[in-house]
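Sequences and hints are given; from them, build the entire structure.
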Amino acid sequence: MAQIGWILDLTKCTGCHTCEVACKAENNTFPQTAPVELKSPFSAVTVNYRRVIEIEKGKYPNPRRVFLSVACNHCKEPACMKACPVDAITKREEDGIVLIDQAKCIGCKYCATACPYGAPQFNEHTGVMEKCTFCIHRIEAGLKPACVDACVGGALDFTYDPDAPGDYPDEFANPRLTKPSIEWKRDKVNG
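In the numbering used here, the protein residues as written are 40 to 230.
Don't read these hints as lab results, they were simulated from the structure. Among these hints, one or two may not hold up.
DSS-like, lysine-lysine: derived pairs with alpha carbons at most 27 angstroms apart [stated by the list, open to error]:
1. Lys121 <-> Lys148
2. Lys130 <-> Lys51
3. Lys115 <-> Lys148
4. Lys218 <-> Lys121
5. Lys143 <-> Lys130
6. Lys143 <-> Lys115
7. Lys115 <-> Lys130
8. Lys115 <-> Lys224
9. Lys96 <-> Lys130
10. Lys218 <-> Lys98
11. Lys143 <-> Lys218
12. Lys121 <-> Lys96
13. Lys51 <-> Lys96
14. Lys98 <-> Lys224
15. Lys183 <-> Lys51
16. Lys51 <-> Lys115
17. Lys96 <-> Lys148
18. Lys121 <-> Lys98
19. Lys130 <-> Lys183
20. Lys218 <-> Lys96
Given below as structure tokens:
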């Protein structure tokens with residue numbers, strides 16, 4: 040099975056949130072205004088498929104901020120899919136994209152509980168779970184996902200059959216849990 044995945048260069052992401060805004064605009068997620076902070080995947084009034092997490096690290100005199108652009112990792116072994124009691128979550132054979140069938144979803148939120156990355160989110164207006172689709176409509180048209188296309192710093196990209204995750208950030212759940220399809224990179228010159 041082929042597997043599509045993300046590439047994120049941790050040293051290039053500046054936290055500009057352009058990927059987040061592009062995702063919201065492309066997928067028309069609720070509300071259609073600028074991204075609003077997501078308090079919990081269980082009570083989301085706002086649905087953001089891609090989010091930029093800001094983390095403060097270091098101590099005086101060398102504090103720094105790290106930014107993680109996160110979305111569904113379309114895992115090789117998706118915990119969300121295993122947790123779904125009605126088989127509403129599937130993994131495509133041709134590219135490994137994990138999708139939620141909104142017509143089958145009963146809104147039980149088991150997938151949100153199972154996902155260590157917070158990808159599935161409950162939409163209070165539709166009563167079902169939603170998450171990143173890897174812009175499947177764009178991929179099938181030969182285009183890049185909206186978030187990748189919009190990334191001004193070149194920090195976000197995608198690939199087929201990603202390598203090992205690399206040196207993942209401390210704040211990221213252990214990749215052995217679900218085998219997320221993501222490569223963590225650090226710029227050789229700057230990072």
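Problem set entry | Index of numbered hints that the structure contradicts, given in increasing order | As far as the earlier hints go, 2, 9, 10, 12, 17 and 18 are violated by this structure, in ascending order.
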